[in-house]
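Colleague: What follows is the residue order along each chain.
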Amino acid sequence: MNELAWANSFLHYVFDTLMTVSPDGGEIVPHLAESEPTEVDETTFDFKLREGVMFHNGTELTAEDVAYSFNWVLNPDNASPNRAAVSFIDSVEATDTYTVRFNLKYPYALFKLTLAGMNAAIVPQGAAEEMGPEEFGNNPIGTGPFQFAEHESASHVLLERYTDYFLEAPNIEEYRMRIVPEPQVQFVELATGELHEASVPKNLIQKARDESNITTKTISQLDYNGLMFNAMREPFNNRKVREAMQYLVDYDDMLQTTKGELGSRSYGFMPKSVNEGWDLPWEEWDDQYYPERDPERAQELLEEAGYGDGFDKTIHMSSLASAQFKNMAVMLQNELNNIGIDSEVQEVTIGQWLNDLDTGEFDVTIYGWAGGQDPDGFFYYLFRDLRNDEGGLSEGIAGNASASFLYQNDEVSDSRMQEVDEKIRRARRIQDREERRELYIDLAEFWQGQYPHIPVYSEQSMLAWRNSVENYEPTAFLEQPLINQWNNAYLSDG
Amino acid sequence: MSIYRYSARRILQIIPVLLGVFSLTFVMVHALPGNPVRIYLGLNPSQSLEQELLAEYGFNQPLWKQYLDYLWRLLHGNIGESFVRKEPVSELMLARLGPTVTLMGLSYAIALPSALLLGVYAAATHNELGDHVSRFFGLAGLSTPNFWLGLMLIFIMAYQFDVLPASGYVPFTQDPVASIKHLILPVITLATAQTATLMRMTRSSMVEELSKDYVQTARAYGLPERRILLKHAFRNALLPLVTIIGLQLSFLLDGSVVIEQIFAIPGMGRLGYNGLLQQDYGVIIGLNIFFAILFLIGVLITDLAYAYIDPRIRYD
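From first to last, the protein sequence lines stand for chains A and B. Using this note's numbering, the letters of the first sequence correspond one by one to residues 792 to 1285. Using this note's numbering, the letters of the second sequence correspond one by one to residues 74 to 389.
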């Protein structure tokens, strides 16, 4: 993971949000809010805040702070990277000291989920205005269970227990996040007791299990990774060619080789946990869209597509410079080679990779996307028609790294494609979960039938912690696993 | 020409070299596909935000204008701004200077004397057991990649025996004992290859010197072997060594990138490495200029040291 992004993850403990997600991801419950919001009409919601919640600097949380936190992000002058995530909000206003009103631009299905994320962190207006964004960024102040103490760039972040935390004081006094770039070294630090928690790389899983004083747990990354075809140019502008790729390779084997047990097959361009959470018919999809390896069937499809004698070009596959992604590309390359098709695999830097995706300069690439626990996080970001966005696509940009290349290809009629785009945009504005579910089934079936990607796996990370950390139950959904409404972890002497 | 005028001339020559380094780095980072804003925003960003940020940081300006702007800032002593970290590069470097200088300084302070000693010893026992043994370790040290050696040391000393910490950095002023404990493994790793290279150079230079006529003469006069080795041959053998010693400094710089990554040391090597991954123009250019200055100073000191070692050398 990016070192900077990781260093920022301590913010979950410094800031709180109005709502929070339950450990199993099934519910979104009030956090700084005292209770569920009151719906005034379908685009207006009132939140009653808990009284007596104090920021780390000793000021009390009021509705003004909540309004300020959102309106600052929404103000285009502040160029906040979080703006897009909350752009469904028109304005937020304090109606009295402890009541805040959200005016939405349109009904939005992910409203409460968004309010539970770090894009919706609540900051103290007074301190934020006084310090300015830069100074505040260096010395963040929130209402969270831990307060910021120091940040030594590339070394560590130190947080101290906030004894006035509104739930209860955390049992753990100090929380130090160290940056240790090498996973093997992380493991040594964990095994020797220098660290209480670390993530375990694939090749050390067994060793971690063998250590008697360590508890391990795999946690879903809520992502999916797979092959992505450039449907804007030959030969992958032909659906049959893309489908042939599904028959050509044993993708279970590809998952095994690249991730081992730290991965599971994903369906409908979503991780299995989302499929299960939404009760989607992924087993049916497995039968229909993810057939077993059958190179003869692949050949037949290529012949039907008019490529019985192979392609008259070398297939250009790109992958980020990462061993697991490269392995995936090489496995496809081998199978292509077996049926007499030339291809080359190029490992590229992140800059080059994004550039190639933006401009559509590739045939096949290895692609991964973490979309969270709602199908919208996958379909909206990967499959909407970017040309229908406000402002449209910039000049020279073909895909903006989403997988929407099919919109710019003539295979499916424009009217059908516009209907698909409209459904994706509509699905995020509907409140009724069942209605949304049906839309997503419809969308997933359409897209899977087109084979724009081949979903291969969803990643799981293995988290390991010392047994001395007790009452600690991290999950994929908890923002503050050390202390929350359900748990308050502590250190035993063991 | 006096040594002062020579030094002044050499220092002036640094300016066009730095301009060259800056221009080349500038062209190279901009020749890379993509830009820092695009990488910062990652997959599927909002198009409008990308445009706003590009405009805000001037990355959408014509390249020649960006070049001249950067040059203008350089002339005012500002070596760059980090886009990703929103801080001046000079401040970022200052914060990271301590660990890197400590690591490099200590490694060098250990590598240099041990290499000279071992080298002289090997030459003195030319083709005898001592020579073979030190040559073997020299070759082994030279051909062991430092990431491998580093991980092995961690595995043995931290994991198996649990006597030293595996990673991290503690400033000496904060806790001297912990600081030294944390430095032992990285310093050994970095010093090993250094010692090996310098030791082999010292040995071959000494062997050559010891085969010269004046050594034979000195021996015939009955001078003690120790005196011949250290007073006469070593001093003459030092001349080619000094060049290598100066140049070796720059290898320490790239060694520190790997070592800092393995041992989680918050130094300049990692700043540069991450800057490169994120295509953070200011960090890459700023660090390159800084390292170029260090290197040029190293070369200058080497040149000046010649005169001290060999008074026959005149600067004209």
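Hint data in this document are derived by calculation from the structure and do not stem from the laboratory. Glycine included, every Cβ here is placed at the ideal spot set by N, Cα and C. Any given hint might turn out to be false.
[Claimed, not checked] DMTMM-like cross-link-like pairs, simulated, lysine to aspartate or glutamate; straight-line CA separation at most 20 Å:
1. K285(B) with D383(B)
2. K159(B) with E926(A)
3. K998(A) with D235(B)
4. K159(B) with E941(A)
5. K896(A) with D1154(A)
6. K1117(A) with D1180(A)
7. K1031(A) with D955(A)
8. K1031(A) with E988(A)
9. K159(B) with D1180(A)
10. K159(B) with E920(A)
11. K903(A) with D1201(A)
12. K1008(A) with E1025(A)
13. K1214(A) with E1186(A)
14. K903(A) with E920(A)
15. K896(A) with E920(A)
16. K1117(A) with E1095(A)
17. K839(A) with E818(A)
18. K896(A) with E943(A)
19. K159(B) with D1044(A)
20. K254(B) with E985(A)
21. K998(A) with E988(A)
22. K159(B) with E985(A)
23. K1063(A) with D1044(A)
24. K1031(A) with D1154(A)
[Said to hold, decoys possible] Counterexamples of contact, computed for chain A against chain B with all Cβ distances above 10 Å:
25. L802
26. R969
27. D1149
28. G1182
Colleague: Take the hints in turn and mark each one as holding or not.
Modeller: Checked hints:
1. K285(B) with D383(B): Roughly 17 Å separates the two Cα atoms, so the pair holds.
2. K159(B) with E926(A): Within the cut-off at roughly 11 Å; holds.
3. K998(A) with D235(B): Holds. K998(A) to D235(B) sits at ~17 Å (cutoff 20 Å).
4. K159(B) with E941(A): 18 Å, holds
5. K896(A) with D1154(A): Given pair K896(A), D1154(A) is violated - Cα atoms ~39 Å apart, limit 20 Å.
6. K1117(A) with D1180(A): 33 Å, violated
7. K1031(A) with D955(A): Roughly 62 Å between the alpha carbons, so the hint for K1031(A) and D955(A) is violated.
8. K1031(A) with E988(A): Given pair K1031(A), E988(A) is violated - Cα atoms ~48 Å apart, limit 20 Å.
9. K159(B) with D1180(A): 30 Å, violated
10. K159(B) with E920(A): 19 Å, holds
11. K903(A) with D1201(A): Measuring from Cα to Cα gives roughly 38 Å; hence the hint is violated.
12. K1008(A) with E1025(A): Not OK: K1008(A) and E1025(A) at ~44 Å, beyond 20 Å, violated.
13. K1214(A) with E1186(A): Violated, at roughly 26 Å.
14. K903(A) with E920(A): It is violated: about 27 Å lies between the C-alpha atoms, which goes past 20 Å.
15. K896(A) with E920(A): Roughly 27 Å between the alpha carbons, so the hint for K896(A) and E920(A) is violated.
16. K1117(A) with E1095(A): 30 Å, violated
17. K839(A) with E818(A): Satisfied, since the Cα-Cα distance of roughly 19 Å is no more than 20 Å.
18. K896(A) with E943(A): Violated, because 41 Å separates the two Cα atoms, which is more than 20 Å.
19. K159(B) with D1044(A): Outside the cut-off at roughly 44 Å; violated.
20. K254(B) with E985(A): Within the cut-off at roughly 14 Å; holds.
21. K998(A) with E988(A): Given pair K998(A), E988(A) holds - Cα atoms ~15 Å apart, limit 20 Å.
22. K159(B) with E985(A): Given pair K159(B), E985(A) is violated - Cα atoms ~32 Å apart, limit 20 Å.
23. K1063(A) with D1044(A): 18 Å, holds
24. K1031(A) with D1154(A): Holds, because 15 Å separates the two Cα atoms, which is no more than 20 Å.
25. L802: The claim holds: L802(A) sits with its nearest Cβ about 16 Å from chain B, beyond 10 Å.
26. R969: 7 Å, violated
27. D1149: 8 Å, violated
28. G1182: 5 Å, violated
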